[in-house]
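**Q** Below are the chains, spelled out letter by letter.
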Amino acid sequence: MRSLIFSVVILAAATAASAQQWEFGAVGGGSLLSDVPVSGPAGKATAGFAPGAAFGAFFGENLYPHWTGEVRYEYLQSDLRLSSGGQTATFTGGAHAVHFDILYHTNRKESRTQFFASLGGGAKVFEGTGAPQAYQPLSQFGYFTKAQDVKPMVSVGGGLTYQLAPRIFLRAEIRDFLTAFPTQLITPAPGMKFGSLLNDIVPLVGITYIH
Amino acid sequence: MRYNYLLTSLVFALASGVCLPAPASAQVFGSVTAIGGSASDIALDESRGLLYIANLGAGIIDVMSTTDGTIHSSFNVGALHPGALAISKDGQFLLVANYSNGAITPQGVNAITLIHLADNSVQTFETGDPPLGVAFLGSGVALVITTTSILSFDPVSGQTGVVTTFANLANTLPVVQATFPGQILQTALTTSGDGYTVWGIAGAGTGNQMIYRFDGRTGRIYATIYVSTPALLPRVSVSNDGTSAMIGYSLLGINSLNPWGFIQGRYPAVLASTNITGSAIDSTNGIIYGQFPDSNQSTGPSAFPSRPTGASSAQAPALLIMDSDNLTVHSRINIPEDMVGRAILNSAGTVIYAISESGVMTLPVGNLNQYHRVAAAQEDILIATNFCNQSNVTQSLTITDPGGGNTDFTVTASQAGVSISPASGTTPATVQVSVNPAAFPASSGTTAVTLQISSGSAVNQPKSVRLLLNNPDPSQRGTVVDQPGVLGDILPDAARNRFYVLRHDMNQLLVFDGSSNSLLATLRTSTSPTMMSFSADTNYLLVGHDDSQLVRVYDLNALAEAASSPIVLPGGHYARSIAQSNASTLVLARNEGTPPACVTGGGTGIVDTVNIAAQTATALCSLGIYQNSVSPTAVLTPSPNGSAILLASPDGNVMLYSAAADTFVASRKDLTALSGAFAASSFNSYVVGSTIFNASLVPSGTMGSTSAASSGFAFTGAGGYMASAANTTGVGIIQQMSSLQSGSVKPVAMVEAPLLPTAGAATTSSTGTGTGTTSGTTTGTGTSGSTSTYAQTSFTRTVAPLPSAGTVVVLSASGFTVLAASYDTAVAPPQISSVVNAANGTSPVAPLGLISVYGQQMSPVNMATSQIPLPTALADSCLSVNGSPVPLLFVSSQQINAQLPFNVSGSSTMTVHTPGGISNNFYFTVQSTAPSVFMSAAAGPDTGLAAIVRMNNNQLVTATNPINPNDTIVIFLTGMGQTSPAVVAGLPSPQSPLASANAVPIVTLGGVALTVSYAGLSPDEVGVYQINATVPTGVSPGVSVPLTINQGGGATTLNVRVIN
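Going down the list, the protein sequences come from chains A and B.
Residue numbers for the first sequence follow our numbering, beginning at 1 and rising by one.
Residue numbers for the second sequence follow our numbering, beginning at 1 and rising by one.
For the record, the hints were derived by calculation from the structure and aren't laboratory data.
Take these hints with a grain of salt, some might be off.
[Unchecked claim] Here are the computed distance ranges between Cβ atoms for each label pair:
(1) 966/B <-> 65/A: 53 to 63 Å
(2) 87/A <-> 370/B: 47 to 57 Å
(3) 87/A <-> 259/B: 50 to 60 Å
(4) 1000/B <-> 131/A: 30 to 40 Å
(5) 131/A <-> 139/B: 54 to 64 Å
(6) 831/B <-> 92/A: 54 to 64 Å
(7) 966/B <-> 104/A: 45 to 55 Å
(8) 1004/B <-> 205/A: 50 to 60 Å
(9) 377/B <-> 131/A: 34 to 44 Å
(10) 1038/B <-> 119/A: 37 to 47 Å
(11) 104/A <-> 1004/B: 54 to 64 Å
(12) 1004/B <-> 92/A: 31 to 41 Å
(13) 1004/B <-> 152/A: 29 to 39 Å
(14) 87/A <-> 831/B: 38 to 48 Å
Glycine residues also receive a C-beta, built at the ideal position from the N, C-alpha and C atoms.
Generate coordinates for the entire structure from the input sequences, incorporating the hints supplied.
**A** Take a look at the structure:
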């Protein structure tokens, strides 16, 4: 994992070296993580994360009329969750996402309204922060664990920016952070199988300053 | 005529008061300030730190500093005689009632004196008739009681008004010598803490006494004439909200249905006294502090000339600490003098100021924990020997100071053959009480020995401990369950598999589980509970009281007092017995009042009918064609189907109530006396004592041995169980009969005697006659008082069959005895099939380890014990290994849980003894070590978990609470073998020094060794060991990592989850 983060930093540095305009922004919104299916001798359930708040910041450089590169950080507050038969068990948790995305703008940069699509990659650090309990509901499916689990992440999304002032833009976007399921946080009980891919749909709204 | 003048002579009398320290023996609590006169009343001025003392004899108001307890000054009230005083709630005024009733030289004045405390100015107002008492309401208005009226007095305007008038008694001055002020004025009144209610008594100490309550919100007075024996003395303390008041030795209460008040409780067994009584209510803590003359006080520092008639000359004055709702006494504290007048508790509830024989007594009740006291942690010790164990038996007794201090103590036994080691020491301490069975006669029953605790420095009178020695032989049936206290009346509840027992001395209704015979709940009753009855729908239980007008109603599903509780009986009625039928619920009450006009006969016993929903009770005008006049110690009992109620009287009378006719339909007296058991069947047959009565109450036969006294009978269909005994310390007898006509029934010996009727039970001390009177604006109904007679009973209900549990419970000498319902049937000899450790059910066992023995016919009943040390016989079963008795925890037909002795090892032989005989020898091997982790822990609904605890969150190690690096874990197990120091099987492990396992264990997790900081017996536990270990880093994580304990050749492994 350490090598992946290193490659993101190198990529960001390379982008900055050829910068024309600098862009700073902050965004906030929600995290709408999807669940993965759970099956095994104990029956069927879903494991995943409950919806929660998300906020973050980014730093980018506009290199070309349609292309931008940006380094992003998001904190995603989302509790761990197991559900089965109408019963739900939760465990306090969250995640940190660090990634670099390339944005393609449909209009040139000087346009007041710009639509964009993004694609990038990075890492997501999942955290289980709750207090371990000797008894946990639905523990026949999996065990909540107070731990960290770092997973490679692919980021895809799109959105628009709208100029509010000469250097100020309103930004709205939606992204999907794709990772493998963090089994160190929700550990499958013996014999149980978890789905492998976790989607985190994150709608965000923010303000961008271009220098 | 009104006089206004300034107080011209304010006399400072610094030398007139002397504060006396506690006697040198330091056995008393509090101090006395002698005032050089006779204190008639006191008033506490907390804002100024002063206590005003009406010194009737000296004609002055002494002013005592509450800081140092000395008299700093005195108001000279001239020729007046300050009999009573009160301070306004705002502290502005001190109002003094000056009593000058009759000829005295110089002639006094009947007046009230108003002192403005801000400037000490004085106004005097003549009252005409002698004023007896004063009290301020929260509104600022005062009530003034004179010999003929109750006046209102406004201290601001000086206006007076007549609230009501009455005729009253008071003594004329001068009085004979050695007369206390309370005997002269015969009046006291006190305002509630919220300032809205004044309770008072007039004519106290005489035959007719008026108790009144002034409601400041409505301006109404509720007055009742009481006739009490002994007479109520003029002492009044009131709860903060005014809903109850302690007047003399009686606790008066009110509720929305009974605004005139009722006797909520009376101090049982009070003795007559002309001056000793005092009380103060602490509403915040639900406590009444008081002194009431009785014969139940131990030797104290000195005897005073004013001891009550009948009291021992060696009695010490004692402050009783009682519950404020039912007068249950919890502590007796030695005080330097008797309380002979008003007692005031300060607003913080920390200090009582009480009029005492020399003046005023200061009792710092808030600091009681700083004084030496001593008490035993146990009320009873039961030592039972048996056919497995006839050697000396030892039990522990813990002596403590309730305040946590170090207090000297001495324990002595009332009989030889009991050794106590050490017999004296300093608290906290545990002494060993050993009994040599050979030193006691072979009574085959239970002998009670008193262990008296004393202390040279303690201020309390410690309760003695009852040592019960039970020594049955193999032929006797049943298991004794120790239940401390004075028990009486038992009712089985087959539907809920429970039984209910009344504990008289602590005013409790005890609820026991029928399967485990363990206490489920303790519910509070009123004072001196007598007998119980179910409601017709069996959802409620009614309890009558000998020292309370109340019948308490309990919701048996909620195990709490019902919304329809309490029911107040008519004035002067105290429920001795209750029975329900399909038509009516009847109460047989001791009658100390005047019955309604329709009632003829007017005996000391009367039958009331109760409406539970309406919370009312009414005396029946007649019992059918018979007068409603019965013995007060008669009893009622219903037939199980609700069709009839039997009334049995100690004079031989029996009566029958028919639910169909809703009245009494038969009355006969064929016998000259009846006592003991009483029961009614659903098949028109009845039992009283050993006599069987038919449907017309004609004696139709007898049961049982004529040499044994009847104790209890319970029908089970047409037959039933009968308990009897020749005496209270010998063997008990139980007989089971399929029908009353079944002829000779084989008696079977029980392990101890059932409770028997009290000798001389047919009389009561009732002497009073209550009458209603109009006093002021409201008419009340009279009641009266007498001493408690709950322990005086000719009839006993002691047998409770529990078909759902397959047992019969009998109230007996030590508490109760549990027998299998089939106790008299032939029992096959027991068989042992396996012996395993009790932790995980595997076969390795070791010394001191807990074991489970499996087999057949090993006990006629299921029974667990919480007794410490563990008994060596339980429910007719005992176990021996190599001939040594084994401490038992649980017995049942197919399983016995026990603890192996310390010294057993190698090839061993086990036998089980039961009423069916002795099992064949069972051979097994005891290893030196056999560590086995308990697999009996539970987390939420998950059971069968390993008893391993993570110390960082004090929760069980489970898959959801996994082991982390650097965790300290505690593993609970058994079978770790011998320890240093050695611990006797059946006894808890010591806290210091800890009993460490002789063989040190090696604990590994995933192959990595853990650091073991302790391995040995868990302190205070029996047969339970623990290993404290720390997990290093480097243990490979996993959902199922092996945790292995190797110890002295024994090993055990289980899997746990580990993370990193």
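**Q** Enumerate the violated hints, using their earlier numbering and listing them in ascending order.
**A** none
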